[in-house]
Amino acid sequence: MEKKEFEPKIIAFVCNWCTYAGADLTGTSRMKYASNVRVVRFPCTGRIDFMLLLKAFAEGADGIIVSGCHPNDCHYTAGNFHARRRWMVLRGLMDFLGIDIRRIRFSWVSAGEGAKWAQLVNEHVETVRELGPYENYKKAAEYLKEGMYNG
Amino acid sequence: MSKIGVFVCHCGENIGGTVDCEKVAQEAAKIPGVEVSTDYKYMCSDPGQTIIKNAIKEKGLDGVVVAACSPRMHESTFRAACAEACLNPYMCEIANIREHCSWVHEKGEATTQKALDLVRMQVEKVKKDLPLSTIKVPVTKKALVIGGGIAGIQAALDIANAGHKVILVEKEPSIGGHMAQLSETFPTLDCSQCILTPRMVEVAQHPNITLYTYAEVEGLEGFIGNFTARIRLKARSVDLEKCTGCGMCTTKCPTKKVPSEFNALMGLRTAIYVPSPQSVPNKPTIDKEHCVYYKTGKCKLCEKVCPTGAITFDAPDEIITEEVGAVVVCTGFDVAPTSEFSEYGYGRYKDVITGLQFERLASASGPTMGEIRRPSDGTVPKKIVFIACAGSRDAAKGRPYCSKICCMYTAKHAMLYQHKVHDGESYVFYMDIRAGGKNYDEFVRRAIEEDGVNYIRGRVARVYERDGKLIVKGVDTLLGGEQVEIEADMVVLATAGVANKGAEDLAQKLHISYDKYNFFAEAHPKLKPVETNTAGIFLAGACQSPKDIPDTVAAASGAAVKVAALFSKDQLLREPVVAVVNRMPPPVFSTCVGCSLCVDICPYSAITMENIKDRAGNVIKTVASINPGLCQGCGTCVAFCRSKSIDLQGFSNEEMYSSVMAALHE
Amino acid sequence: MDKLKAKLIELFQSGEITLAIGYKQGTRGPRPFFCRSASDVEQMIFSNDYQPNLAVYLTKKEVVKDEKVAIVCTISALRSIAYLARENQIGQSQYKIIHLSPNDELMIFRSPWDIDPYIEEIPSTPSEDDRRVIEMLDAMTSEERWAWWAAQFSKCIKCYACRAACPMCYCTRCIVDNNRPQWIDPWASPLSNMEWQINRVMHLAGRCVGCGACGAACPEGIPVHLLNRKILDNIEENFGITAGLAPREGAVLNTFKPDDKENFIK
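So the sequences go chain by chain: X, H and Y. Counting along the first sequence from 1, when you hit position 134 you're at 134 in the working numbering, and nothing is skipped either side. Quick note: to get the working numbering, add 1000 to the position in the second sequence (first position is 1). Quick note: to get the working numbering, add 2000 to the position in the third sequence (first position is 1).
Read the hints as simulated data drawn from the structure, not as lab findings. It cannot be assumed that every hint is accurate.
Claimed, not checked - Pulled from the structure, derived: some chain X residues nowhere near chain H, Cβ distances all over 12 Å: (1) Glu123; (2) Thr127; (3) Glu130.
Claimed, not checked - Taking lysine-lysine and the DSS-like style, the derived pairs with C-alpha atoms no more than 27 Å apart in a straight line are: (4) H:Lys1613 with X:Lys116; (5) H:Lys1023 with X:Lys32; (6) Y:Lys2266 with X:Lys32; (7) H:Lys1621 with Y:Lys2060; (8) Y:Lys2261 with H:Lys1397; (9) Y:Lys2257 with H:Lys1526; (10) H:Lys1526 with Y:Lys2068; (11) H:Lys1516 with Y:Lys2257; (12) Y:Lys2061 with H:Lys1516; (13) H:Lys1501 with H:Lys1397; (14) H:Lys1613 with Y:Lys2266; (15) Y:Lys2266 with H:Lys1621; (16) H:Lys1041 with X:Lys32; (17) Y:Lys2003 with Y:Lys2068; (18) Y:Lys2266 with X:Lys116; (19) H:Lys1621 with Y:Lys2061; (20) Y:Lys2257 with H:Lys1509; (21) H:Lys1613 with Y:Lys2060; (22) Y:Lys2257 with X:Lys116; (23) X:Lys32 with H:Lys1107; (24) Y:Lys2257 with X:Lys138; (25) X:Lys116 with H:Lys1107.
It should be emphasised that the depicted structure is a prediction, and the values quoted were computed from it without experimental measurement. We put the beta carbon where it would ideally sit given N, CA and C, even for glycine.
All chains should be built: construct the whole structure from the sequences, respecting the hints.
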């Protein structure tokens, strides 16, 4: 019963040219999807700083979506290729630290894939709903507030 | 404290039907720094924009958030409205509560809450926004066209006719390129020379075009509107000013047996030579590799016979620099090295030739005056085999791509052969016939149906010689893989089109990208086919991928229009969304440590290392520097920079950080 | 060792160097030794498994300023020097790079660029103990790993010894010194400690030589070098780039291949 009340907070980091436009298309096609997602628009996936993902978790996000142009479709030719490597390395590191990488969904959604965007959001909301609130990370984040350190 | 105005648009029922806009405006008013927050039926309408403009003036707003449709729709509208009210347009942000909210969620509390969150994200972003101004780049209205084939000729003429100066650089002694070597052209069978040579002459005589033949671009520095090109004028040992092109030197030259490049090595030329009778300029060049004087130090016969004293032995190459605003790269293509085709006997059997060689045989200006004759014994071949896809669509030869032009020119070759040798038999081995194009398929059908060319679908395994005949062994896949053996007198290989030798080198000099086959890469395969990733450098023709003449000419004119558009204004205006490496007062200068790793990450080669020097000229520090003329604002370097010394205007670290934080704060 | 000492004495006497950076015996093992005269060379000790990584001093202006420097390098330090040269942090023939190979051969590299052919032959491998801990962690569930690291990071006092010990952490302004925005809280808390480590390791991805100096320097004994080692393994597995060799075509994260793996992108 408790699980049902949990509405995960999802932050989506998307590029302007493909996924943001794809999500716009979802809108113009009036396809419905879960309202848990908040989209942050970047010019390119290459611009997405991995620190922002960490900060989102620290600030209370339960799940993250990162999406950009399909390979070879990047508006800037190579930003998504660089981003892909960065994520590959980051994912490995996060997993090794015990950060729940199931909570981060990486995808490519083009400007024409409005339906894919809706599906992506719905799927990830459900995945994270299953996983529950990201208490571990929040606890670490709230360490200070618990009075263990009073510097 | 910020003074931010929030303007929530109902978009009629589009937003208002799902989102409680009034509530969003009320709640947004409570966000610290929000001075005014209001909602209106249609924000983008004239009265809507007036609400925003008045609020800016009356309340002295320093930031505006419009909660409405996608920024991809009306960001520019609202930014312009802000600018009219004297607020820096980049201090205006859009919260997308239509496409990303009202249209995709059901009416209810959660949807309204999301709309408010989206507003809050933009309010926090606006707080960190900095006023930006459009980047103005001066433009040198002179274009550099590299390559004088049909692409370069067309581009140069189009730009010149638009009223701009053009520098055309050709590495060979004459312009004309491959098209000048062709006999007839598909699908109309009009003579290549007849349609090309008038254009060549026009280039030479055009007051806006400066032509440098036997010259190569050595380097290109700068950025859009402001390039500096270094051009090497190779010493041709003939003073073009003095030479009248009388031809005395070429008739007297003792070295007469140099294979002619123009004739695809089928005919001979002298050491001092004009590539073809239609050359532009129609003046000779000394080929130092074969000239007796350059080899032995004695001869100078040409100097003796020259009536105007135009021969200038031992003159050095000259390097000139030219300031240009745009570059069109039209360096064309080459045909695959025939050494690859040992299975077809190329190089071993004189009568196995390439398509380009067949063009010369069929050309009225060629070594046989247009008669199809065997290179080995000069007889007319009675049976001829054309092998399509020689080296194309062949992953084993590292070339899985289609060379595009071969299907058509093979049909043309077979047709020309049938027209010239009436009792001859011609066979074409092909994989597929790719005849997409205006009147193209009809042309191939004509070859088959009217001229009786025998098309055999299948590959040739081997060509070998037996009793003076070339035995072509292949299969006919339409007959269930039946073995076919043809006793031919001549075999013509439709060799693959490949990137020019040195294409990679040139791409690096120009800082443009190229693909794995060394063809130059367009900025976008669909929407920016003549642009490169480097702003101000354009592409046309077969240097990009194998192209036929109509496509090449279309691309050249397309590139020329891009150049003309660039030259239509004295200054180029660019969005200020560019990356900037921080600068600060001495002794720090910048937090950049100069690791230079960002130089490689930039897709536009916009980043260079800059030496900060003291007054005596000693280098104090080396830091990265981003050319705003080249940067396109992707921000890949920003996320990569470890010390956060690079930031992206309009999407800065602070702006993005604040948005993310705001998305999660209630 | 005698060859090394003889060479250093010769260099001091000929005036070719004024400072030799090497190791001498300290209270708890080898420690950095800034040797300034031929007579002090006698105190020099060397082994290829010594810590710290002395290459860290080459980017410290206050150490090398105006000195003619010879540096006695472990294999790890050689690797670091090769990377530093690629990243324009040290000059072509600024330092005398001296090395005693595991089979006791004295080597002097004229330029950092000459190091590559030598180190190419020697893979950078973790110690047996490190390998065991990594395997232990890999075998854990995600939650167990989180708990393990959280316990480790709760010990961290944010002294940045790991940063100070790393030759590749030469930025003059580190991300933790940046407060616009304040990416990482400056105080020591498990989260900010972990965020710092993630940043440190990500910033070293494709640049780390796997020397382990960071872990060795930690006063709290947190094995932070294991994070770097894990990334080295990942990079080798995913991009085929061998640990500890400065790749000629750029670092790992500033280059790409169009056909890089993307099995995690759905």
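Inset, instruction - Hints the structure violates: just list their numbers, smallest first. - result: 4, 10, 12, 14, 15, 24
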